[in-house]
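K.L.:
Sequence:
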Amino acid sequence: MKILVIEDEPQLLSNVKESLEKEKFLVETASDYHEAIDKLFIYEYDCILLDIMLPNGNGLQILSQLKAEEKSENVIIISAKDSLDDKLKGLELGADDYLTKPFHLAELNARVKAVLRRQKLNGKNTLQIANATLDLRERTFIVNNQKISLNRKEFDILNYFSLNLNRLITKSALAEHVWGDHSDNADNFDFVYYQIKNLRKKLQSANADIEIESVYGIGYKLIKK
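Taking full-length UniProt numbering, the leading residue of the sequence shown gets 1, the next gets one more, and so forth.
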């Protein structure tokens, strides 16, 4: 899998590249608008990490050009700009995800892997794990052909876990992904714990062959029984 990281902060660019290479990705970089454009329209990438603020241009301009060429899939915006307008504009232009600086490299890696897993769905709207099925379009959850009622947060949590099956998800990463950019600054993560607790009860009652495992002091992972 080949990834292009478009970022003008040298230290962050180096750290992201090193972290992704440890995960066995092939990583190329660009540090300004013109270099990014040159690479994007010559080479093919499985995922693009795109900063909004760049020398000589900005990431939204790049995203617009990618969309015009039908190449805007698998783009994760990484930016210090915490503007809702920028975030919505990026998603409207085809970005798959948005990560606000500063962020943990482990969280970035998880987001990249989730985007790549969605790519592997090949346009399908369902995720099947053991005897459980998530319908991403209808936002329904079925176990053994029985529909299980989930609230919006429970569905989002289970969806995120399913895209990262068997991978550790930190509490802060889960909070940011499901509840928003600033939730990882909360005094505690009781709101995460209560949703996980209720979701576990529903999985158990439905005899689902998946379960949410706690990793003490760090977070959770979804595993098959």
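Take the hints with a grain of salt, since some may be wrong.
Stated by the list, open to error - Computed spacing ranges between beta-carbons, pair by pair:
1. N145 to K39: 45 to 51 Å
2. N144 to Q11: 14 to 20 Å
3. Y194 to E35: 20 to 26 Å
4. K101 to N144: 29 to 35 Å
To be verified - Calculated lysine to any residue pairs in the SDA-like style (CA-CA distance at most 20 Å, straight line):
5. K221 to E23
6. K221 to Q128
7. K147 to N166
8. K67 to L40
9. K67 to D97
10. K224 to I148
11. K113 to L168
12. K201 to D190
13. K2 to S31
14. K201 to I212
15. K221 to E154
16. K221 to D86
17. K101 to D86
Rather than coming from a laboratory, the hints here were simulated on the basis of the structure.
Because the structure is a prediction, the values reported are computed rather than measured.
Backbone N, C-alpha and C define an ideal beta-carbon position, used for all residues, glycine too.
K.L.:
Name the hints, by number, that the structure is in violation of.
P.N.:
Going through the list in order, the structure violates hints 2, 3, 4, 7, 16 and respects the others.
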